[in-house]
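For reference, the chains in residue letters:
Number of protein chains: 8
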Amino acid sequence: MSKNDIHLDFDREERVGFPEIVYGLGKSTDQLLRILEQYREKEKPVLITRLDAEKAAALQVDDAENAYDPVSQTLLVGEIEAQLEGLVGIISAGTSDAPVVGEAARTLAYLGVKSETVQDVGVAGIHRLLNQIDEFDRFNVVICVAGFEGALASVLGGLLWQPIIAVPTSVGYGAANGGQTALHAMLTSCANGILVVNIDNGCGAAMAAVRMLNGMQNGMLDGHT
Amino acid sequence: MSKNDIHLDFDREERVGFPEIVYGLGKSTDQLLRILEQYREKEKPVLITRLDAEKAAALQVDDAENAYDPVSQTLLVGEIEAQLEGLVGIISAGTSDAPVVGEAARTLAYLGVKSETVQDVGVAGIHRLLNQIDEFDRFNVVICVAGFEGALASVLGGLLWQPIIAVPTSVGYGAANGGQTALHAMLTSCANGILVVNIDNGCGAAMAAVRMLNGMQNGMLDGHT
Amino acid sequence: MSKNDIHLDFDREERVGFPEIVYGLGKSTDQLLRILEQYREKEKPVLITRLDAEKAAALQVDDAENAYDPVSQTLLVGEIEAQLEGLVGIISAGTSDAPVVGEAARTLAYLGVKSETVQDVGVAGIHRLLNQIDEFDRFNVVICVAGFEGALASVLGGLLWQPIIAVPTSVGYGAANGGQTALHAMLTSCANGILVVNIDNGCGAAMAAVRMLNGMQNGMLDGHT
Amino acid sequence: MSKNDIHLDFDREERVGFPEIVYGLGKSTDQLLRILEQYREKEKPVLITRLDAEKAAALQVDDAENAYDPVSQTLLVGEIEAQLEGLVGIISAGTSDAPVVGEAARTLAYLGVKSETVQDVGVAGIHRLLNQIDEFDRFNVVICVAGFEGALASVLGGLLWQPIIAVPTSVGYGAANGGQTALHAMLTSCANGILVVNIDNGCGAAMAAVRMLNGMQNGMLDGHT
Amino acid sequence: MSKNDIHLDFDREERVGFPEIVYGLGKSTDQLLRILEQYREKEKPVLITRLDAEKAAALQVDDAENAYDPVSQTLLVGEIEAQLEGLVGIISAGTSDAPVVGEAARTLAYLGVKSETVQDVGVAGIHRLLNQIDEFDRFNVVICVAGFEGALASVLGGLLWQPIIAVPTSVGYGAANGGQTALHAMLTSCANGILVVNIDNGCGAAMAAVRMLNGMQNGMLDGHT
Amino acid sequence: MSKNDIHLDFDREERVGFPEIVYGLGKSTDQLLRILEQYREKEKPVLITRLDAEKAAALQVDDAENAYDPVSQTLLVGEIEAQLEGLVGIISAGTSDAPVVGEAARTLAYLGVKSETVQDVGVAGIHRLLNQIDEFDRFNVVICVAGFEGALASVLGGLLWQPIIAVPTSVGYGAANGGQTALHAMLTSCANGILVVNIDNGCGAAMAAVRMLNGMQNGMLDGHT
Amino acid sequence: MSKNDIHLDFDREERVGFPEIVYGLGKSTDQLLRILEQYREKEKPVLITRLDAEKAAALQVDDAENAYDPVSQTLLVGEIEAQLEGLVGIISAGTSDAPVVGEAARTLAYLGVKSETVQDVGVAGIHRLLNQIDEFDRFNVVICVAGFEGALASVLGGLLWQPIIAVPTSVGYGAANGGQTALHAMLTSCANGILVVNIDNGCGAAMAAVRMLNGMQNGMLDGHT
Amino acid sequence: MSKNDIHLDFDREERVGFPEIVYGLGKSTDQLLRILEQYREKEKPVLITRLDAEKAAALQVDDAENAYDPVSQTLLVGEIEAQLEGLVGIISAGTSDAPVVGEAARTLAYLGVKSETVQDVGVAGIHRLLNQIDEFDRFNVVICVAGFEGALASVLGGLLWQPIIAVPTSVGYGAANGGQTALHAMLTSCANGILVVNIDNGCGAAMAAVRMLNGMQNGMLDGHT
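Residue numbers (numbering that gives the first Met the number 0), protein chains in the order written: chain A, 0 to 224; chain B, 0 to 224; chain C, 0 to 224; chain D, 0 to 224; chain E, 0 to 224; chain F, 0 to 224; chain G, 0 to 224; chain H, 0 to 224.
To be clear, the hints were calculated from the coordinates, so they are not data collected in a lab.
Worth double-checking, as some hints may not be accurate.
What the hints assert, rightly or not - Cross-link-like lysine-lysine pairs, in silico, BS3-like; alpha carbons within 27 Å at most:
no. : chain 1 : residue 1 : chain 2 : residue 2
1   : D       : K54       : A       : K54
2   : E       : K54       : B       : K54
3   : C       : K54       : F       : K54
4   : G       : K54       : D       : K54
5   : A       : K54       : H       : K54
Chain A on its own, in the form it takes in the complex (with noise of 0.2 Å):
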């Protein structure tokens, strides 16, 4: 095959207000070098998501043990400087939901944005919730996610003002369906405004919360320019 497969899109930052975040599923280690290499070229810090350790390994960065992060199989390259105000906060069902909250905090990182996780509060022992849903009010943004049935997003959509993106997992077996029951449940929540994204997308979260933090801040009173 040529190398006419890949184009970066360097000026979506410009336009959408974030830059390009580079998947790594289903590219082969040769495709994440040339694109890489173009990062470095613009001397612009790059995020590679869904990136297993042995692709990690493959591609041979600079201080490798900081930049790659195996448990959100996340691979953060170059120095971050932006920090855009604001505070998300990402709540998590149960322990096994890790590797979903860590692709969002290190997604928010390189977008330059501060979060804090909030894990294994799921409604099994709804008290672990209630106690410390006083101190939620210091987030912005709400990120929720959760696997099995998802009923988290349904808990805090009743007690929370603040908007709430569910990340449905794929935590879970038998009808959990791969995270599809989860996924439909947080869609057809009785709780009232909760906006949902892919299974598993922490990443995709990030990015939503950001252009609210955005459109928080530079939207509003002034317009955005």
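Place chains B, C, D, E, F, G and H on chain A using the hints.
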């Protein structure tokens, strides 16, 4: 068609602890009249479920106004005497779940069991539920009725010690998929030991509750006779 | 059935920033009348969605002609005063999406938010969209309404910087599968940070937009009180 | 990732009548070791389900040979004392259902409940079942485990008076669809009052049985304390 | 539209051993009248299935009362003479399966084959079935008709030696999924050598039975001519 | 709702080679009247598809009897002049496919293309097809219309050299699943190079055929101008 | 786990006309060895299906090279004597269907029935089939094996008079959906009287064929003894 | 198994205009070697698709390095001479679609057709596409390859006049559902006259393009000979 299309199972009570209940949907008025006739000959009370108002009227039973309940679409003909000990709580998420709540309550009444209903306490307004959760201790068995994403079952499962029978309802639209989403969400509840019946199956939930009450009273120390 | 089947959540606004909205489908005229009565006693405005014309007429509200909108199948009773700052753009792909556009617009009106609609600009005639894309900069939040394959969301996602709430509609036939295809297409959009709500859920999209506007005005530098 | 991803629910037993059980799938060895450590500190026994042999070995528990059961893929660490009254029968359709039967039995053991298993009595050779049906009277609760089309649940439902918890298994191929067919068949059983849990969920069935036994002994005449 | 939309296959009997049967659903009255006319010209009897009462009346055939059967929704016009040897047993689970039983019986009658029906013997009351199982030995082929979870097919398959044609019906609701659950359950029956046709396809089951009877009488020792 | 919900795409013909066609389903009579008005002003012919007889009557076009075809549910208003060279064959499996055949034929007529229909030649009576297969050589493009399992597409694909556009129809019941089975069967045809459009999409098949004919006449040696 | 997990059904042959066949998938080597032991004690031949090469080797049967067939993944141990009259034709669409063809052929051999295979005659090259269709008259029963869209079943159904057992295979990708498309296509075949078994179920097709041959020889005029 | 499992269709080219292509998946090395042998005897070039590197190596063809392309997983053995006029454009959405792009390009090469590829121009960065849209006028047929939601097909459909063959790919996760979402989105495209083939079916798209080019050159004014 010949008339050999009906074989009622009058000794089911002997076998499984409760009588046959007639499923009205898909049966012709002619078939239902012949069924009623057989019950009348045996001098037994009868419950018909999934019976629309028009067909109910065509059956012309005595005291139709009391016998037929249009909300639950059930027809109960005959006197109920026996009273099985125990109290079943029927807890529902929303106003639109009333027909299923009704089917469960009417079936329990037919089977000689007391029930109480607690309606419209879904998790979108979770305080409505938490405010009275301690009072649910009076129930021996809990039937939880909910449509949309059915998160009520998970919340109850994390808070109550009783057997919980979750009934998904077809209330909802789009990704609710006629109740499939609530069904699968309940089956994959992160809360432990939740039991599930078919969509809108208030009648089945009631029968399962009766199996449990039978077990509680007869089955335990003395054995079943 | 007893009359304990309705428990309105009048302090939801306190909690989540906007009042409860009544979902009309599956509720009986009798239930809806009792709900209206409770709102009247509290002297609060009320919005009922998914209300067909026949049921709306049976409710016999004052000034029914203005109160009931047959396109969006919504009934809005009472005066709206408060006006939350910000402008929501509702952009739709086709003429047949009008009911969902209407539900979103009416819900925003009920919640005191201004909106503008840009209809029938689907990607089959993409110049209709590109010609006016710069003008969309005036929107603080964008709601994108589309049926069939829902490609409009992806195109907007690649061009706009705002938060985008995609509403799949049930417009289409065959493989459109009652809106499931648009739903899944929007969830898997190659454009980044797209948020999705349930099929035909114009009302939910509007509530999510209000969460964002609340966040923009209250949540940011000062914290939420 | 930080270490705040685990919050065990040690007072679940207080609340719902039985302790939390650890779901091993999707948890890293590191996470599981930290979980075991917490249980050890509390001096409580622990059950981990869905734990493959390799991960089990990595946990290096004492007396691993007895603690880990490779058929049911469960690890049970610690002494079980309390014994709840009652006997649960676990009846399965085929030899290949053994892992799910085992998960149910091990969970019951962990929860202090006696059980007996009756395996490989599926309806293809229905005499194997009918020959011993009377002896099932000794069970207070019946767990029915079956894959393929799961017809065993319907046959038991027509013959037994006890509460029946049906567990569909993923045994089968093609149209068995990973257990979905058995699941839906059990949910739509023509036999009355059948209760269903998720595919392969032997653990959940056991917990539901414990809820029932708790109800039978504490819940009935005296109330629950 | 031109009139070239109908090409009847009058030599199908020559080829496959039985004549074409007209599928009424989706055909206009005009099309059906032209079809009847062609049969009349050929002086052949005709069977139309899936014909609702209104359309049947519009066709105005002679002796309509006998020709049209409202339960099975079939119209049989003309005299049947030939009688193929053999007896087909049609065994059904419930009263609501009567239309499919009827379609099979009417089709067999049209194809010159004797049948007997045994209805309402589903496994919820399995003694109704076991009591008469020995008498089923008189059947050369068994057609088993059942909705809900279709467990009757598995029970028959474990007890009978004949070829068994299972017909799932659309009787049921919720997870019965319009007959898909019975269909898939029958396909994955643990009983051996069960054959399945489409949902509600009584007509197809009858034609398959005729193929078998043809094979039994012509195909065996002498070869087919 | 405001009147800005319609933006017709009058220069689509310039762009893609054929004019916009109006999809009638889900549009109100009021919307359709405004659309007709716009076409009248431009003095252009218009085709409306998926228009039921009642709505068609409400539009009160001139010469309604010729303009509206009830079988294909299409309304064609205005004179067609241009005639694109080439002949499209529309081959269908059964009499019940006539509405889709009609929609394709009417669309081709509107787009100025000649077509011939060969109906009711499904593979159940394959000689009807094989007898005339050589005559199909006169077609430049073949549209194959079939419901149920859609096997006609595979047989044609193995015998013909032309481009074949397969249109699955919703004809069938049960496992036919509203046309999904024919759709997926055509997509997985063992015959090579079969192209597929949406279920019942006769109109789309016609437009695809026009793209091909445009390509054949303009696109080839001379390039497209 | 205790050793009571196996109950072989040695009098199945008495009841249904053919012995139990062991389904290897999901059974442990230990379980299979105990099964083989029981057969050896009874001095009966045994067939194990769905047995991969590695597990087969672990069973260490005599004359393993002949006993185990790697294509059909079957192990046949013991001498087959009885020979049931009749000839079964196994006709397949493609080379990749060979494992299923093999499973059917091996099962027939185990059950004492002669078969012939006609492979790779799918409808993409329909002349391969039509050229030899007359020779198929020698078969008493036809088993049709096909993946992808399974159109071969429809073509055979329109041409042959014998009972036809269609076996969908999991050959194919994408919309073939693991054999579901072929399965549903065969169930909705426009050809009449086609019978269907589960995906890849060559063994079940063979058992159904034996039921038919039993019926042909014993069941007919003399009755079954 | 006997060796009669392969019947190559060497006169397919005569019939449908292009030779048979060998589908490698599911065929054993032994089967593939016998197939190659038959082609060698006929002195014909052969293309094998879906062939993994390991199996390719086992076939030991001459000049393997050029013959086997690991990206598209195709093996092309033999000299291609004939060159059909016309140019096919293969336009893809993302870098990960390269294998499908490659399969289409290699198949076209095998069939003697020139193609050009335009990769990584998905709608997330739509300017990459719009910048060069006018240059696409040089293509006679367009193949559009896209995963995720496949919106590229709709955008191209609204801008181009050529026949468009949309190939959904299995690139994506979660709700992308292995390519089903792109497949259904392309089928329901609001753009007109889009044609669709199976998921990842680059080979089928190429064959369909050849049918069109054949039609363009032979089929038009002169008829096909």
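| task | Quick one: which hint numbers does this structure break? Sort them smallest to largest. | result | Checked against the structure, no hint fails, so every one of them is satisfied.
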